[in-house]
Structures are given as structure tokens and as C-alpha cells.
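Chains as they are written, first to last, in my numbering: chain A, 42 to 346; chain B, 3 to 698.
Incorrect hints may have been included.
Unchecked claim - Incomplete in silico selection of chain A near chain B, CB under 8 Å:
#1 D177
#2 E178
#3 V179
#4 K236
#5 G237
#6 Y238
#7 A241
#8 R243
#9 Q245
#10 G246
#11 A250
#12 D256
As the list claims (entries may be wrong) - Across the chosen pairs, the derived CB separations fall in these ranges:
#13 B:A436 <-> A:I161: 48 to 56 Å
#14 B:S107 <-> A:L175: 50 to 58 Å
#15 A:L187 <-> B:S112: 33 to 41 Å
#16 A:V160 <-> B:A434: 37 to 45 Å
#17 B:S107 <-> A:I161: 37 to 45 Å
#18 A:L193 <-> B:S107: 38 to 46 Å
#19 B:A147 <-> A:I161: 54 to 62 Å
Calculated from the structure, these hints are not laboratory results. As the structure is a prediction and not an experimental result, all values here were calculated from the model. In this text, a Cβ means the ideal position worked out from N, Cα and C, and glycines have one as well.
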Amino acid sequence: MAGNTTGGGSQPASLATHERRALPAVFTRWWHALRELYARPSSALGTTLVLVFLAMALFGPLIAPYSATEQISGAARQAPSVQHLFGTDHLGRDVFSRVVLGARDILALAGLGTLFAVVIGTLIGLFSAYRGGLTDEVTFRFFDSLLALPALLLALLVLGVVGPSRNSVLVVLVIVYVPIVARVVRSVVLSTKQKGYVEAARLQGESTASIVRRDIFPSVTPALTVEAGLRFSYAIFLVASLGFLGVGVQPPNPDWGLMVSQARPYVSLTPWALYFPAAAIALLVIGVNLAADGLKRVMLPGREV
Amino acid sequence: MSDEPHRALEVEGLTVTYRRGQGSLDAVRNVSLRIAEGQAYGLVGESGSGKSTLALAIMQYLPENGLISGGAIRLAGQELATLPGEQMRQVWREQIKLVPQDPGSSLNPSLRIGDQLDEALSDGGETRGGVRERSLEQLRQVHIADPERVAASYPHQLSGGMQQRVLIAMALAGQPSLLILDEPTTNLDVTTEAAILDLVCELVQSHQTAMLYVSHNLAVVAAVCDRIAVLYAGELVEDLTPEQLRSQPLHPYTVGLLDSLPRVGQRAGVDPLLPIAGNMPRLDEVPAGCVFAPRCPIALQLCHELRPDLEATQQGSLVRCHRWREIQAGAVDLRAARPANVTAPDESLSGKIALETKDLVKHFPVRRSLREALRRTPPRSVHAVDDVSLQVGQRRTLGLVGESGSGKTTTARCIVGLVERTGGEVSLFDIALAPGLDGRDAAVLHRLQMVFQNPEEALNPHRTVGDVLQRSLERMRGLGKTEARQQAGRLLEAVRLPPSYLDHTPGQLSGGEKQRVAIARAFASNPDVLILDESVSALDVSVQASILNLLTDLQSEQGSAYLFISHDLAAVSYLADDIAVMYLGQVVEIGPTEQVLQPPFHPYTEALLSAVPRIDAAAGIERILLSGDLPSAVDPPGGCRFHTRCPRLLGEICRTQAPPWQQAAPGHRYRCHIAPNELAAMQSPAFRDHITTVSP
Chain A
42 MAGNTTGGGS QPASLATHER RALPAVFTRW WHALRELYAR PSSALGTTLV
92 LVFLAMALFG PLIAPYSATE QISGAARQAP SVQHLFGTDH LGRDVFSRVV
142 LGARDILALA GLGTLFAVVI GTLIGLFSAY RGGLTDEVTF RFFDSLLALP
192 ALLLALLVLG VVGPSRNSVL VVLVIVYVPI VARVVRSVVL STKQKGYVEA
242 ARLQGESTAS IVRRDIFPSV TPALTVEAGL RFSYAIFLVA SLGFLGVGVQ
292 PPNPDWGLMV SQARPYVSLT PWALYFPAAA IALLVIGVNL AADGLKRVML
342 PGREV
Chain B
3 MSDEPHRALE VEGLTVTYRR GQGSLDAVRN VSLRIAEGQA YGLVGESGSG
53 KSTLALAIMQ YLPENGLISG GAIRLAGQEL ATLPGEQMRQ VWREQIKLVP
103 QDPGSSLNPS LRIGDQLDEA LSDGGETRGG VRERSLEQLR QVHIADPERV
153 AASYPHQLSG GMQQRVLIAM ALAGQPSLLI LDEPTTNLDV TTEAAILDLV
203 CELVQSHQTA MLYVSHNLAV VAAVCDRIAV LYAGELVEDL TPEQLRSQPL
253 HPYTVGLLDS LPRVGQRAGV DPLLPIAGNM PRLDEVPAGC VFAPRCPIAL
303 QLCHELRPDL EATQQGSLVR CHRWREIQAG AVDLRAARPA NVTAPDESLS
353 GKIALETKDL VKHFPVRRSL REALRRTPPR SVHAVDDVSL QVGQRRTLGL
403 VGESGSGKTT TARCIVGLVE RTGGEVSLFD IALAPGLDGR DAAVLHRLQM
453 VFQNPEEALN PHRTVGDVLQ RSLERMRGLG KTEARQQAGR LLEAVRLPPS
503 YLDHTPGQLS GGEKQRVAIA RAFASNPDVL ILDESVSALD VSVQASILNL
553 LTDLQSEQGS AYLFISHDLA AVSYLADDIA VMYLGQVVEI GPTEQVLQPP
603 FHPYTEALLS AVPRIDAAAG IERILLSGDL PSAVDPPGGC RFHTRCPRLL
653 GEICRTQAPP WQQAAPGHRY RCHIAPNELA AMQSPAFRDH ITTVSP
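Given these sequences and hints, build the entire structure.
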């Protein structure tokens, strides 16, 4: 009805794209999304947190005053001070340096795991749902049965088989998240493949690959971006949990979960060695969550969270 | 004026504004109307005219961002616009009732009909038995034959028409002062619509309620209402009686609407539709002068500069036009100024059969429940299409009509291969076509194209119009990139869109424009046969007319054959050379258009024809109402499938024996036990008057 007519609101947006015509469309889109994320306080906070941790991961060695494993002689169990911002742990390692340097590991692991899971899950979701039939049925029944197990239990099961290491954690993330991503993609594909433009493409003899790429994938991207953000935050949590349980990243790597676990026996002596990595985990998860929430508003307008 | 009838509703100078971001838009501007008790007032307009906004404003039910920024609304003397919330709820409960467009979503799916009615009727002081008695009485009033069964049913167990009757019964409970019907028949089949319209007419007269009937369909409103207001871009442009609408409408927009509406029997080659050029202005681009001036065939400089007032004519109608006196006096010819460049179809090349189906069958298996599987109940299936044989001649148009559930869309999808047929044959110029798309050669695919129903889903929202057309040209004609780009511009030209649209995304186009691009895409390969599945049904009347004319033009330019599928007999008869009528998966009648539209015809065709709402109140055509609902296609009735609803039922023979094909004329056959001469004697000769035949 009348209320739906596109009004003057579209004008500033089209002007903005005109100014930045020189840049590729992808950048303009991301720039636009970033500006929208900063329009709300909560998503602005989340985005800032994520960017800060990202900077830590990229420039960690430049920021950290000590190395992750250096045991400073005679400086064990020191409370936070100007020299050791977050204090030192029971072995005399600088907690601040370990937290900063640990960002790279957790972000890389969670990020790569999410990326692989999203790519594999998307491909399976796209083609399986578009083709339909028995293969689709069997694939998704299997995924459903995987989803019935709690993520941590599944992770412990897999790690029990392949043994703890960085690569194993990556494998775990992929196994745990592929079914979830595939399911999200599938639901969008199922509604899109019945639309007139997809059927018209089929009638013009387009190949499956080309229809999936040109006509179906673009409809999947908004939901996929949101899902990827959500998966990323859970992946951080899972990597930290596995580190804490001792089946993830192995010592002496500065993994936050591992740090919390190692500092636990000494909590009355060096509480800072536990609190700071724990706070880092919490802040990163909160940051990613807030940013993902904001992303949902930008990418899927109208669908209230 | 004390002798005026009692005014139930008075709307004075109403302006409704929607807030949008920083700015605001006036969706309804300065509209006044009065409805007396017992009067039926029709509100007509195309999408974007503001008719729904106006109805919502009267009910005080505008969305969050809408507000009444001027004027007054009085119901039985009481001002509604300033009424506090609690009192407004009282008004909703007792005085204003609404019959909504979608009956399915307006009834609570988890409560029985009787309980919902009881709740609406109960005033708290009655026994349950007493309320139920009144509920049943209310159901009887809307001509529900077995109210006890309906009251015990859940909404999903009733057909759409039955649900709408229940909602009307509910709305009429407690004698409301104002009944608002918002497109109550738009989602219903034509035979059901006819029955509901009859019911509404009868109830308005018997209840002395004021009724506001909102619709996009001029013919429906003219059939039901005492007075009609035509809305355009938020303004009331004409307010007149149905008689004045038929004899002498004065506003160019009203005339344009009437000329855009195909009548049953009107043929493209003989008596073309005269569509209105252009589109309705967006709310943020309302012209400074007359709102209709940019599309008006007789607009003067004055019309673009000065907004006309709503003036009263001697006959009591109101019109908002600078030139209405000249129009009334016949000094300007509205139609001459709007040439319809429809080229008459060239018959010379026809003769060969382009598309043929032989005994096409499609059964969809029904999943058995666990219990059925354990008991080894044989699997059942939906008989969507049964033994359908059609032929479409080269350069000719076959129209396929039928109500929802008749199997016409499944037939189309089987032909193009989107659905794999269960049996029968499909051939294109004697090339046998495989059931599925995978088994068909690309070259064959390109000769058979289809345009779908929903314009909103016709185009990939992520690609520009140019990309879409270019891709089709590259694939189907093997053109290079630059050449395809040029040809894409030419395709746009062929569907009468400017080349600048190549860079537009579908989001920037209106529904009609999207459908034009979809047609252009289908024509990229110069198909031998084009299937149009309800392709104009979702469009506004004036847009629909221009697309129909476009299709006629394209046919004579390109020489494609059409299979035109629609539930709208008038649109089908406008385009089609031949018509096939489908009922419950079978073709019941097939023949040349002029012959199918006049007796003798199949009793189902007769019912369809009599139900079509007509502007020119068809003299002598008696409405034939079909009893009951469409039977389930899982176990279609034995004998003649139409026997459960047939008004001309003979008796036992119809129930047990499948009817034979009867030859009414060369090429005109129907499936019935009654012979042509007997059938012709039963059927009203009045139908003959409505055909404009091709000159002999």
C-alpha cells in the first residue's frame, strides 16, 4: 500500500555510492555496513572490541613487551604494576604479553574454523537443497543426528579419536558447525528455488552450477553473513573451553583457556593470572556477539531479534 | 436539509499522513464522503490509490507511523478521530465491523467456528445454549445450509467461500452501524465470488447497515454498491452512481479504467482495450496540478499547473477535473486521444500445430500415514491432470480457463518440463518432448518459454535488467557480450520500456514493468510457443490492459503461439482464438472462442460465464450458482466429475458413466451427457448478445 512506496530515503544512499564509484562494489558495501554498525551504540561497542582484538592478533609481537614463554627471573607472582600491566603468573611470565600474544591463536583458530565450516556448509547446503531428492534427505538426516549431540561432547569425542592439537581443534570446529551452517543455507535455498526467476533460468537451459551461483547464492548471503558472525562467537567459546579442558591448544602456547586452567590452582596467590585471560575471552565473545547482532539488523532488516 | 436520509458515516476533508524517516507523505488528501444507513458505498482504486489507508483511517486502525493530520470522521454523529482508546474499543465492538480480504488468516485456526461465533455474539448475560442458538441463526442468515456441521468445524475444514460467509455472519452480529468490506472476494474463485456478492447485496438491503466496500474491481463495485467513489493517488477524483458509471463517467481516469477492463467476448483484434499510459505517481512525487494530468490524454497547460476542485454536476455526481463540462457535452473525445496500436492478428501463416499434448496425465502421490502403511492401504494420488489433450496452432492463442484446483497450472508445468508428467505425450512441431527438463535438448528448450504469475518473483533482485536480458541472449542465441547488450536494448524497446531501464534493478520497477521485462526475457529466444501462466492476474487493471495489448502486438511481430492460462474469462476471451475449459483435472469444453462463449456450452462453462462480474448489467443473464465446494482431487467423483455441483444434472447416468464428447460445431466439443440441441434449448440466449464476433 501507500506506506510501502520507496520515498526520499533512497536518495542519500545513491549519492553515497556515486561518490565512491571508483572503489569496487564489495568495499563500498562493507564500508556502508561498517557505518551502519556504528550508528547504534551497542553494535558500535561490539565492533570496536572486535577491531581492538583484531589489532592485537595482527600486531601482537609489536605490542607485547615480553615473549609468551619468557620466565622473568625473580619476577614470579607479581601483582599488576607499570612494568607488568597484568602482573606475572606463578612461573614469572608476563600475563599482559601472554594475553596479547594469545589473541592471534584464538582468533586464527576460531576464524579459520568458522571460515572452513561456512564454506563447506554453504556448498553442501546449496547443492544438496537445490538438487533435492534422496541424497538431500540422507545428508540432512545425518546432520540432524549430529546436531542432537551437544557441541562440547561431540568435540571431546572427536579429539579423543584424533588427539589434541591445533589442527584437531580446526577439524572439530568444522565437524560441529558444518551441519548448522548447511541447515541455514538450505532453508533459504528451498524458498528461493521455487521463485519465477530460478524456474525461468531452468527453462532457458542454464546449468545447475550457474543457477546456484547467479540466482540462488546472492539470496543466501545476508543470512549467511549473520550466521557466520554467530558461529564465530561460539567458535571462540569452544576453542577456549577446549583449551581449558586441556584437549585443545597445548602448553606452552599462550592460549587463553589454557591460561585460565593453569592459573586455577594458584588463584589465591595470583588471581590476576586467571582474571585477565578470562576477561579477554568474555570481552571478545561479547564484542563478536554485539557486532553480529548489529550485522543482523543491517543485513536482515525487518526481522527483529 | 431535513429530508436527507440519516447519515451513518461522514468523512470530511480527511488527510492521512505517513511519517517516513525525516519527512512525511500524505497518502490520502482532503477526502470527503457520506454513507447513509442501508447504503452501500464503493471505494475503487488501483494499488497506491490510498483506498486501504482511507478504510484504516475510518476504523482508527492506522499503522504506527500513520496519523490523521486533517479533517473529521463522524460515525452516527460521534467524532472518531479524537476518541480515546477505551471508547474506540467500544466502537469496534459494537459499531464498526470489518470483513477482511484473507478469510483464512482471520479466523482462529485452533477454535471451532461455533465457539468463535459464540464469542463474537455473546454479551455475557445469556446461557450458552441461547448464544449457540443465535450463532446458528446467524449462520443460516448467510445461507449456510447445515449450520450445525459448520459450527462444529475448524476453519481449515471449510473452503475459502465458506470461511468468508462465516466472517460476514460474525461481522453482522449485533447490527453494526458501519460494515467495512476490504476486497472480500479478491482471493476467491469467480463462482464463489458471485455467490458472496449476491449475499452482500441481500444483507445490505435487509440490515439497514451502512457499508463501505473497498475493491480494485470496478465491475464488482458497480454490481454491489449504490454509490461509487474513484480514488487516484490519494484523492477522490469522481463520486457517482453505478448508472452514471455505465452511461457517462466524466473523469478521464474513470473512463480510462473502464476502457482497460476487458468484457467477456471482447476480442483484441476487433475491439482493443485502451489502457492508460504511464504509472501512478509515487507519493513523494505527486504533481502540483491535477494528480492525473501526467497520464491524462486531454490534459491542458492549466491541468499541470492548477489542482482542480471537486465540483458537483447537475446529475448529482462529483468530479475533480477542469474539463468535465466539455467531456459531458461531448466536445472532447477521450478515446480518440488515446490510440490503441493493436495490430490485428495475421491469420495467413497459421495452420500448422505448434504445441500438442495427447492424454497428458499427472498424478501426485499422497504420502500414506504410518497407520495406512501398516494396514497396507493402497497408495492414493492427487489426480491433478487427467487425459488432457490440447492443440495450439502456429501463431494462435489457446486460452486455458478454470478455477483454482482445476489443474491448469500443473498442465503448463508438465508441458514445459518443470514437473515430470505421469503419462501422455507432449510435442512441439512434431518433436516429442521428454517429461523432464534434463531429457530435453537445449535447442528445444529455447523454443518453448514461459512467463510466470508473480511479477515480484519474476526477476533476480540482485541483477540489473540489462544483465538478465543479456544473459538470456548469450545463452539462447549464442551472441557475444557487446552484441547481446545491443539486442537487450532492442528487447526492452519491444516491450515498450526505455533503454535506460537496462541499468535498473528489479527493486526500482513497478509490478507491470517487471512483468514486461519477464516477457522480454522469454522473447529473447524468439520462442515458437510462449506459455503465460496467470501472467497478468496480479497486475492492476490499467497495467493489465497494456500488457494484454503488448502480447497481441508481440504475437503479430514475432509469430509465437501462446498458451494463455487464466482464471479470468474476460482476459482469456480477449486474447484467445480458442478456449479450453478445465474442471478438476479434465478439459470439459474446447473450441473457438466465439463458440465457447455462447450456447450450447458445458454447464460448468455456463456457470463460469454467468458469474463473471459485468459493468454493463447483463440483461437476461441469470446467475447460475454452483452448489457445494470443489471435490477433492484425491478421489475425484465417478461418472462425470462435475456431477456433484452440476445445475443441469440428469440423474443416475451422470453419476455412473463418464460423459462422451459432444460435437456442438466443427472444432467445438464439450464433455456432457446432454446433446447440443437439448443443451442449447436450456441455456439463455442472452449470452449471445455479449460476443463481439470477428467480422464474417
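- Quick check: which numbered hints come out false for this structure? Checked against the structure, the hints that fail are numbers 1, 2, 3, 11, 13, 14, while the rest are satisfied.
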